[in-house]
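K.L.:
Sequence:
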Amino acid sequence: MKRLMFCVVVLFVGICHAMSQGWDLESSVFENSAEEQLFLDDPAPMDLLMALHASENVETAQLDRLIEKLDKRSKKKAYTEWFLGEVFYKAHQYVLKEYVKHSSFNDALETGVYDCVSGSAIYGLLLDRYGFEYEVIETDYHVFLLIKGEGDKTYVFESTEPRAGFIKDQEAVKQYISVFNAAVANGKAKQLAELGSVASQFTEENTIYASISLRELAGLQYYNDAVHHFNEGDIEMTYKQLAKARTIYPSERVTSLYEYIAAVQEEGKKLAGR
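Numbered per mature numbering (1 follows the signal peptide of the UniProt record, and there is no 0), the sequence shown spans residues -18 to -1, 1 to 256.
Rather than coming from a laboratory, the hints here were simulated on the basis of the structure. Among the hints, erroneous ones may be present.
Distance condition first, Cα-Cα at most 25 Å in a straight line; then the derived BS3-like pairs of lysine-lysine [stated by the list, open to error]:
1) Lys58 to Lys130
2) Lys72 to Lys54
3) Lys150 to Lys135
4) Lys58 to Lys150
5) Lys83 to Lys58
6) Lys72 to Lys57
7) Lys135 to Lys156
Construct all of the structure, not just a fragment, from the sequences and the given hints.
P.N.:
Listed below in structure tokens is the structure:
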């Protein structure tokens, strides 16, 4: 009986610790207290998206204006194709202003600078708000969205194409998807170079075409930032970003790069100790 009570107490303490601390990450991996706070207490996807290069006060005025505009038009949401067009093009009008590789979700909110990850994240949040069924598709070098319409219809949101990125013609949709499926079938990645890459051993051996959640997309944003720092030669920052990426989204490529960087750091410590 005492053993049972002890186990229950230990389990309870463990649960309380997990609830209060969020994921088991050392404070040293966070850039600042704002980022650390966003990781606590079972964060929502938007919290995790805003955590990368977090600041105390992120300006969301443009997103708020966009949502206000779309909320009014959502009364006509039954006209699915029309309303999806409103979502796609209004987002570019109000929030997504300029494509810049390796920009963050917060960059999109504050300055309108975005990439395929942050652009897709904005769209995912909007589609959630208006009750659409959709998938975030992760490939080796790119992210886009597939939205389920009426009947068998599927639509594409390609965030990096402001004018032609809402693909609604069903043959064009099939053709767009087939490009990525062909890459998987042939074992070759399509070199769009929007998501980060560091070496063929991490990106080409296993081509990727996967449906992921917004939470996992936040992890992919950290991975992307880690690769950026790796390519800049900043191993310490690479490790910190990968630790957070792996916590949110422990995919094969995130874990592979994390283990590689951890090994590099360990070897560096051994050499420094000689």
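K.L.:
Could you tell me which of the hints above the structure violates, numbers in ascending order?
P.N.:
5
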